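Visitor: All residue numbers for the sequence shown refer to the working numbering, where the first residue is 1 and numbers rise by one.
Calculated from the structure, these hints are not laboratory results. Any given hint might turn out to be false.
Claimed, not checked - Each computed DSS-like pair below joins lysine-lysine, with the alpha-carbon atoms no more than 25 Å apart:
#1 Lys283 with Lys93
#2 Lys283 with Lys295
#3 Lys23 with Lys283
#4 Lys23 with Lys295
#5 Lys93 with Lys23
#6 Lys97 with Lys23
#7 Lys283 with Lys97
Predicted, not measured: the structure shown is a model, and the values here were computed from it.
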Amino acid sequence: MDACFLCYNRKNEGRCRMVYLEKFILPDEEQEYVLARRRMAENGGPLGYLDNGYPCGLFPQRGLFELDFEPITIFCGGNGSGKSTLLNAIAQKLQLKRIAPFNGGEMFAPYCGACVYRTGFNDEGEPLAIPAGSRSLTSDDIFEYMLAARTRNEEIAEDTAQGKEDYASLKYGENIRFTGWENYEKFRLQVLARTKSLSRRKFLQKLAGKEIRLRSNGETALYFFDEMLQNDTLYLLDEPENSLSPQMQLEVKALIERKARYCGCQFIIATHSPFLLALDRAKLYDLDTSPVRLKHWWELENTRAYFEFFFANRKLFQKDGE
1 MDACFLCYNR KNEGRCRMVY LEKFILPDEE QEYVLARRRM AENGGPLGYL
51 DNGYPCGLFP QRGLFELDFE PITIFCGGNG SGKSTLLNAI AQKLQLKRIA
101 PFNGGEMFAP YCGACVYRTG FNDEGEPLAI PAGSRSLTSD DIFEYMLAAR
151 TRNEEIAEDT AQGKEDYASL KYGENIRFTG WENYEKFRLQ VLARTKSLSR
201 RKFLQKLAGK EIRLRSNGET ALYFFDEMLQ NDTLYLLDEP ENSLSPQMQL
251 EVKALIERKA RYCGCQFIIA THSPFLLALD RAKLYDLDTS PVRLKHWWEL
301 ENTRAYFEFF FANRKLFQKD GE
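Hey, can you work out the whole structure from these sequences and the hints?
Guide: This is the structure:
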């Protein structure tokens, strides 16, 4: 039985709430200066230059030098605030699995090399290891999954069309005599086609493969997260709300809360979604403030904009007499 459901059924709240990554320390101004000068020297000696200093200078000027994590930690802020940069730096330092590539620039690797992290501890006080299956997931990964699934289905459809012709020929055509390895494959397919317990549909699935069921983009994205998020794992999620309707964002919210509360998962998330910003018990860094501050989700400018819009139009949602 799934360990997640075992924990849930035992109602042992908090037992599975895990913090694999407890702290992440970023380079300060002096360290960034040393890194930049070293890179400049590598580029050109005494007359060295630096094409791109990113991500140096992004966080010290806003007083962000270290991050402390909970089972759910959220980075929020506008475009260019550094949400994805932090996720990429953590993923690089921890050497997490990832699908989609990212553009780091010439300073990104040395910058991440200067970062320091500390893991959490188990109930016996022993340091935890970052789980082997931990990974970084982005909205690009979902789009790549959908594209790969559609391409695979197109290939299967072509193979299936040819397979229908082959099925009739093999099932009702002339007997194929096995004479050796040169005609083994045709002989094997005829045996399959003439097997009474094997329908044409099953034959075609064996021949061409089974199509991946594709839903709407939002449903496929929800299915992607449901399949990808395993128990006892650290996940970095970059804007997982993309392609999801509000209702489906709420379903992903419930999935993340369940995985963090009962299944031993830890999440570090970059998001704009007011639904995900409201994740239960999440620690939330507002990267739009200087210095960067911890806030409640209802204190953010992003969520307040939603509130003010709907409050101004509340009469449209109210029935007469309410």
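Visitor: Would you check the hint for Lys283 and Lys295, treating anything up to 25 Å between C-alpha atoms as holding?
Guide: holds, 8 Å
Visitor: Tell me if the straight-line CA distance from Lys23 to Lys283 falls inside 25 Å.
Guide: Since the Cα atoms of Lys23 and Lys283 sit roughly 13 Å apart, the hinted pair holds (cutoff 25 Å).
Visitor: Between Lys97 and Lys23, is the straight-line Cα distance small enough, at 25 Å or below?
Guide: holds, 20 Å
Visitor: Given the proposed pairing of Lys93 with Lys23, does the C-alpha separation stay at or below 25 Å?
Guide: holds, 12 Å
Visitor: Under the criterion that the straight-line Cα-Cα distance not exceed 25 Å, is the pair Lys283, Lys93 satisfied?
Guide: holds, 21 Å
Visitor: Compare the distance between the alpha carbons of Lys283 and Lys97 with 25 Å, and conclude whether the hinted pair is satisfied.
Guide: Answer holds: Lys283 to Lys97 is near 24 Å, not above 25 Å.
Visitor: Is it true that the CA of Lys23 sits at most 25 Å from the CA of Lys295?
Guide: It holds: about 18 Å lies between the C-alpha atoms, which stays within 25 Å.
Checked against the numbered hints listed earlier, the structure breaks none of them; every hint is satisfied.
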